[in-house]
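Given the structure of chain A, go ahead and fit chain B onto it with the hints provided.
So the chains spell out like this:
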Amino acid sequence: MTVAFEDIQTGQEIAPLVKGPLGTMHLMRWSAAMENWHRIHYDRTFAKEHDKLPDILINGSLKQQFVLQFLKDWAGRDGWVWKVSFQFRAMNLVDETLDIWARVKDKRDIGPYGLVELEIGIRNAAGLESTPGSATIALPHRNGSPVPYPFRPSA
Amino acid sequence: MIEGLEKFIGIQSEWETACDAVEPGAVRRFTQAIMDDDDAYAPKAATRFGAPVAPPLYPMMMFRRPHGAPDPLRIHGNDPDFDGLGQSSSLTRGLPEIEPLAGYALLNGGTEVELFRYARHGETIRMRSRYADITEKETSKGPIVLVTTESEFATPDGEVLLRARRTLIRRKPK
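Taken in sequence, the protein lines are chains A and B.
The first sequence begins at 5 in this note's numbering and counts up by one.
The second sequence begins at 27 in this note's numbering and counts up by one.
In case anyone wonders, no lab produced these hints; they're calculated from the structure.
Some clues are possibly wrong.
Stated by the list, open to error - In the DMTMM-like style, the derived pairs of lysine to aspartate or glutamate whose C-alpha atoms are separated by at most 20 Å in a straight line are:
1. A:Lys56 to B:Glu164
2. B:Lys200 to B:Asp107
3. B:Lys200 to A:Glu53
Stated by the list, open to error - DEER-style ranges, computed between Cβ atoms:
4. B:Gly168 to A:Arg146: 49 to 57 Å
5. A:Val22 to B:Arg55: 17 to 25 Å
6. B:Leu99 to A:Leu132: 33 to 41 Å
To be verified - Non-contacting residues of chain A with respect to chain B, defined by C-beta distances greater than 10 Å in every case (computed):
7. Asp11
8. Lys109
9. Gly115
10. Ala129
Keep in mind the model is a prediction, meaning the values are calculated, not measured.
For each residue, glycine too, the CB sits at the ideal point set by N, CA and C.
Chain A extracted, bound-state conformation:
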C-alpha cells in the first residue's frame, strides 16, 4: 500500500515506528550481523571505564536502519526514499525504547511524481531527541504510475 502524493498535508505527523526496549541481545545480534565489534556496543566495562560512557550505546548504524525502514514502509512499494540526512546528536543507551517519527514540512509536484520533505528524528521514552534530520520522499500521484525504479531524479 502506497500513500498518494495528493493525500499528504503539510504539517501532517506520520505514525511513529517503535523499536525496543533494545537490550544487549538486540545490540549483540546487530553487531554480529554486520560484523562490527566496536566494544562500546556490548562490553559494559569497556564502555564505562575506558571510554567513560554512561553505559553501552545503541549503535548509530542500527538507528539509521530503523529510520530507513520507517521511511521505506511509509513511502510504500510505489514510492521511493530518495534522500535522508540525520545527525547523531545524543546517545541512546541500552534498554531504551526508540520512537522513529516524521512530520511533513513541505511538498511539491514535479510532474511524474511528487516530492515530500520530512522532518525526522528518534526520541526515547524520556522525550530526548537523539537523531534529528530530514528526508525527501518521492510519492506517486493518486491513480498514477509508481515512482520510476531505479530512481533517477527528474530535472
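Frame of chain A; chain B shown alone:
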C-alpha cells in the same frame, strides 16, 4: 589545527569490491537484526524491484574483513585499550588511517544518503571513499575532530546504488 591533518583532506581510495556478493543468508541475518520482515528481502521475492533485494543501506555494511586478511583480534586481542574496531570501520574503508588521530575514540556523528536502487541478491558491490573534510571543534566536553567522508556504492559496471556522506567524531581519550 592538529599538525598533519590537512594532508588527508581530498585523499580518495581506490575502488574496492566487497569480499562477498549480496548473500541471502547475510540479508536474512541483517533484516532479522533490524526487525524488518519486508517480503522484498526474502528469497524468491516477486516485487517491482525485479529480484529479491537487500535493505536500502545494506551496501554500506558489506565491506568486511576478507578471507586471509589480518585478524585484529590476533593482533590486538589482549590489548585492554583496543576498541574492537581499529581500522575495520566501514566508515573509513579503504582510506588511510589519520595518523595524528591514532588512539582517538570514534563515534558515528551522522549520515546523509542519496538512494537510487536496492542491491539485489547475488549482486557484487564495490565502493570508493574520500576524506571530504577534517575540522576541529570545541565542545562542552572538550575538543573533538570531525572527519567527513564521502562514499559511492556501485555495481561493477558503474551503476551507482547510493551515495553517502558521513561524519565521524574523533575524541582524544581522557
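Proposed proximity, B:Asp107 with B:Lys200 (alpha carbon, max 20 Å):
12 Å, holds
With a cut-off of 20 Å on the C-alpha distance, tell me whether A:Lys56 and B:Glu164 pass.
With Cα atoms ~18 Å apart, A:Lys56 and B:Glu164 stay inside 20 Å; holds.
Does the hinted range 49 to 57 Å hold for B:Gly168 and A:Arg146 at CB?
53 Å, holds
Does the claim that A:Gly115 lies outside the interface with chain B hold up, using a Cβ gap greater than 10 Å?
19 Å, holds
With d taken as the least Cβ-Cβ distance between A:Ala129 and chain B, does d exceed 10 Å?
18 Å, holds
Interface-negative label, A:Asp11 against chain B, beta-carbon threshold 10 Å
Its Cβ never comes within 10 Å of chain B, the nearest being 20 Å, so this holds.
Can you tell me whether the CB distance of A:Val22 to B:Arg55 sits inside 17 to 25 Å?
22 Å, holds
Supplied distance hint 33 to 41 Å, evaluated on CB atoms of B:Leu99 and A:Leu132
35 Å, holds
Given the hint that B:Lys200 pairs with A:Glu53, does the C-alpha gap stay at or below 20 Å?
Given pair B:Lys200, A:Glu53 holds - Cα atoms ~11 Å apart, limit 20 Å.
A:Lys109: least C-beta distance to chain B exceeds 10 Å?
Check passes; 17 Å lies beyond 10 Å.
No hint from the list above goes unmet by this structure.
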